[in-house]
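Colleague: Here the structure of chain E is known, so what remains is to put chain A in place on it, guided by the hints.
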Amino acid sequence: NAGVTQTPKFRILKIGQSMTLQCTQDMNHNYMYWYRQDPGMGLKLIYYSVGAGITDKGEVPNGYNVSRSTTEDFPLRLELAAPSQTSVYFCASTWTATNEKLFFGSGTQLSVL
Amino acid sequence: AQTVTQSQPEMSVQEAETVTLSCTYDTSESNYYLFWYKQPPSRQMILVIRQEAYKQQNATENRFSVNFQKAAKSFSLKISDSQLGDTAMYFCALGLGGTSYGKLTFGQGTILTVHP
Chain E
36 NAGVTQTPKF
46 RILKIGQSMT
56 LQCTQDMNHN
66 YMYWYRQDPG
76 MGLKLIYYSV
86 GAGITDKGEV
96 PNGYNVSRST
106 TEDFPLRLEL
116 AAPSQTSVYF
126 CASTWTATNE
136 KLFFGSGTQL
146 SVL
Chain A
1430 AQTVTQSQPE
1440 MSVQEAETVT
1450 LSCTYDTSES
1460 NYYLFWYKQP
1470 PSRQMILVIR
1480 QEAYKQQNAT
1490 ENRFSVNFQK
1500 AAKSFSLKIS
1510 DSQLGDTAMY
1520 FCALGLGGTS
1530 YGKLTFGQGT
1540 ILTVHP
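Top line first, the protein sequences correspond to chains E and A. Heads up: the first sequence runs through residues 36 to 148, numbered per the working numbering. Heads up: the second sequence runs through residues 1430 to 1545, numbered per the working numbering.
Same shape as in the complex, but just chain E (with noise of 0.2 Å):
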């Protein structure tokens, strides 16, 4: 059982570039999720979807692209890098939304430079 995978997990981008951040999961999850940490910080979420072709914003989306157009992956696209967006991605995700333990993948690490 992989559990939530999460694809690469380092790059480096110059600015301006684009890139697109992997997330897979094999466990059926309903609820997937997005996370930045900026270094020496918490988590911030970024964007979440509840279920196939559903997404909505986080707390911090500007600059972020998702969809979700099946149940296992949930990409997160980056248009026209920034310095800003220098951090750690984590990609999550839980069965329902009724007390289940939230998985988390290995997180990507992202330098724009």
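It should be emphasised that the hints constitute simulated quantities derived from the structure, not laboratory data. Keep in mind that a hint or two might mislead.
Unchecked claim - What follows is a set of in silico ranges between Cβ atoms, one per label pair, in the way DEER data are often shown:
hint	chain 1	residue 1	chain 2	residue 2	range
1	E	Asn-65	A	Tyr-1483	21 to 27 Å
2	A	Glu-1458	E	Ala-87	23 to 29 Å
3	A	Leu-1513	E	Asn-65	37 to 43 Å
Where is the CB? At the ideal position from N, CA and C, for every residue including glycine.
Modeller: Chain A alone, transformed into the frame defined by chain E:
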């Protein structure tokens, strides 16, 4: 809006001793959950303990226990018999109930170092 505050940027403890990490929070909701997560240098997020706000009894998980003071909006973590493997960043987090469950608000974190 929800807020979570951890006022101790760093803590240290000797192996086998007890340490308490502090957390205060604010929410106007009545249905919420509180969590402590551990983040070792591997950066993996590991759930340590979870508390449902409607439960008066404090949660415990082996060497980890919480002191949940609902009226004071305080949620501290006590680690007993500290081990070297407890060295990590610890985050306090708050999540609302219902469909907002996984939308967590995190504190700034406390770096805990366990010395031999």
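Colleague: Next step is simple, just say for each hint if it's right about the structure.
Modeller: Outcome of the hint check:
1. Checking the proposed 21 to 27 Å range against Asn-65 of chain E and Tyr-1483 of chain A shows it holds: the Cβ atoms sit about 23 Å from each other.
2. About 28 Å separates the C-beta atoms of Glu-1458 of chain A and Ala-87 of chain E, a value consistent with the hinted range of 23 to 29 Å.
3. For the pair Leu-1513 of chain A and Asn-65 of chain E, the supplied restraint of 37 to 43 Å holds, since their beta-carbon distance comes to about 38 Å.
Checked against the numbered hints above, the structure breaks none of them.
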